[in-house]
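Colleague: Single-letter residue listing:
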Amino acid sequence: MYAFDYTRPKDLAAAAQSFAGSDEPVYMAGGQTLIPTLKQRLRRPSLVVDLGALPELKGIAVAGNLVTIGAMATHAEVAASADVRRAIPALADLAQHIGDPQVRNRGTLGGSIANADPAADYPAAIVALGATVYTPTRSIADADFFTGMFETALEPGELVVKVAFPVPKRAAYMKFRNPASRYAIVGVMVAETASGIRVAVTGAGPSVFRVPEMEAALAKSFTADAVKAIAVPVDDLNADLHATAEYRAHLIGVMAARAVVAIA
Amino acid sequence: MQVTLKINGNERSAEIEPRTLLVELLRDTFGLTGTHVGCDTSQCGACSVHLDGKVIKACTMLAAQAEGCSVTTIEGIAPANGPLHPMQAAFREHHGLQCGFCTPGMVMSALALVERHKGKPLDEATIRHELEGNLCRCTGYHGIVAAIAAGARAMEG
Numbered sequence: 325m326y327a328f329d330y331t332r333p334k335d336l337a338a339a340a341q342s343f344a345g346s347d348e349p350v351y352m353a354g355g356q357t358l359i360p361t362l363k364q365r366l367r368r369p370s371l372v373v374d375l376g377a378l379p380e381l382k383g384i385a386v387a388g389n390l391v392t393i394g395a396m397a398t399h400a401e402v403a404a405s406a407d408v409r410r411a412i413p414a415l416a417d418l419a420q421h422i423g424d425p426q427v428r429n430r431g432t433l434g435g436s437i438a439n440a441d442p443a444a445d446y447p448a449a450i451v452a453l454g455a456t457v458y459t460p461t462r463s464i465a466d467a468d469f470f471t472g473m474f475e476t477a478l479e480p481g482e483l484v485v486k487v488a489f490p491v492p493k494r495a496a497y498m499k500f501r502n503p504a505s506r507y508a509i510v511g512v513m514v515a516e517t518a519s520g521i522r523v524a525v526t527g528a529g530p531s532v533f534r535v536p537e538m539e540a541a542l543a544k545s546f547t548a549d550a551v552k553a554i555a556v557p558v559d560d561l562n563a564d565l566h567a568t569a570e571y572r573a574h575l576i577g578v579m580a581a582r583a584v585v586a587i588a
Numbered sequence: 005m006q007v008t009l010k011i012n013g014n015e016r017s018a019e020i021e022p023r024t025l026l027v028e029l030l031r032d033t034f035g036l037t038g039t040h041v042g043c044d045t046s047q048c049g050a051c052s053v054h055l056d057g058k059v060i061k062a063c064t065m066l067a068a069q070a071e072g073c074s075v076t077t078i079e080g081i082a083p084a085n086g087p088l089h090p091m092q093a094a095f096r097e098h099h100g101l102q103c104g105f106c107t108p109g110m111v112m113s114a115l116a117l118v119e120r121h122k123g124k125p126l127d128e129a130t131i132r133h134e135l136e137g138n139l140c141r142c143t144g145y146h147g148i149v150a151a152i153a154a155g156a157r158a159m160e161g
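Keeping their order, the protein sequence lines are chains G and X. Going from the first sequence to this note's numbering is simple: count from 1 and add 324. Going from the second sequence to this note's numbering is simple: count from 1 and add 4.
Treat the hints with care, since some could be wrong.
Said to hold, decoys possible - Simulated pairs of lysine-lysine, DSS-like, Cα-Cα distance not exceeding 30 Å:
1. G:Lys382 / X:Lys124
2. G:Lys363 / X:Lys58
3. X:Lys58 / X:Lys124
4. X:Lys10 / G:Lys363
Hints listed in this document are in silico derivations from the structure and should not be mistaken for laboratory results.
So that you can see chain X by itself, here it is in the shape it has in the complex:
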């Protein structure tokens, strides 16, 4: 079957099997390997992307369900070869990654939680609660939470 959707602002089409997952379409068909597959069981959030502005797990959605939708991946949040997105810069600054495998999902979740809490205080407890869908097997949460707080401030400013 044919699927057509917008990925990082560009309209893309592909001929796929109906059982193709969104994350498989992104990685295998379009080479967007920044979206990771960690657990493949809806738990770790390494595959988090934005679907029409909302964060979802791309391993728990069929590519066919994204027909006509707009998908943003980690590759789409800052220009290629340009400066990092302020949230990415904050992850670098605050050591928000150790092995880095969970990082793309963490950044996509971070951007979504900043958006959900626009105009409201973003304290540590809120960030930790809102990050429930993302796991870091290095347990590097301290730096991740600090990075998100700083990234949120940078995005406001």
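Isolated chain G, as found in the complex:
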């Protein structure tokens, strides 16, 4: 790691002030991606602003039809929350299968979505459930938040405060995981929401995306067979040493079908 200064502000206003006062600042949530990145000297911040003490970013609340989760809620907290498990069991399951126990005890919802790793799990839930991301100054709809590989709608210095997930009628998340990293090679959340059926895919492309053809097919017939026959074009899919684009395209159908079976 290159040397940096460190501060642990006590509220949002102080965090913004610290960030604004540095020429190369970076926010740190759970640090499970940032610290390895710093160790590899892929980033050289002059100041690390630790978000761990901000009260505004903590907490999990269920009110009416909304599950609201603070940005600094860890994956372990989301997975263990009886409220989340009762309202949106698919979300608790998703959190339970991120990384490993040690990573789940440090990694956070806000850190994960702000990083926008193409293989992260949470983006599938944000988009399939139609969640809203809140920053200190505005709210961002699910479809607008993820803009590309490691890219989001967040402005420099803007951070995630909380995410509000509408409770679906039913939902399930299935992922084909990399056995070493537990990242999604392909992850699919299928959800029946108030605005219809949604199918959101993570891990397969540069950023999370929906599959309208599968959504339309499931609206007609909510069966595994309805999605299995639909081929997702391979042109925009990721290819790496773990899986070819063709294999990922195949896995989208398989994971979607498994999710349908899990909730039908």
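With chain G held as given, fit chain X onto it using these hints.
Modeller: Just chain X now, kept in the frame of chain G:
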């Protein structure tokens, strides 16, 4: 910068560089070399310690983030020169180690998974799933899993 935290029940302070990792503070500043550095890339879990009762990887946390927290290392789970913790005794009994390098992390993860599953059955599949954050390069998992099952029973009794 100054960092103050509780380590194995004792309040400790040190003057550190902000980039100091928690595992470096434990090993280099305080000489607690039971916490190992295996991969240094968040994968092997040899550096696992408890932070406010939860298992974490000390190579993937800044020492500064532990300000005001309570850290337990392998040195803190049983009295010095006293009897082993029942989980440590189970690792010895069931040959839960070969070279021993991963063992401190395995024991710390084992204690955390027993705590998470308190009052629920702890079968082999659960133990193996919950050990995903710890690697044994000797591949001695059979003995490790048997040791954790026995250690969990001993802790209950």
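Colleague: The structure should be examined with respect to each hint, and the outcome stated for every one.
Modeller: Comparing the hints with the structure gives:
{"no.": "1", "hint": "G:Lys382 / X:Lys124", "in the structure": "holds, 29 Å"}
{"no.": "2", "hint": "G:Lys363 / X:Lys58", "in the structure": "holds, 23 Å"}
{"no.": "3", "hint": "X:Lys58 / X:Lys124", "in the structure": "holds, 18 Å"}
{"no.": "4", "hint": "X:Lys10 / G:Lys363", "in the structure": "holds, 26 Å"}
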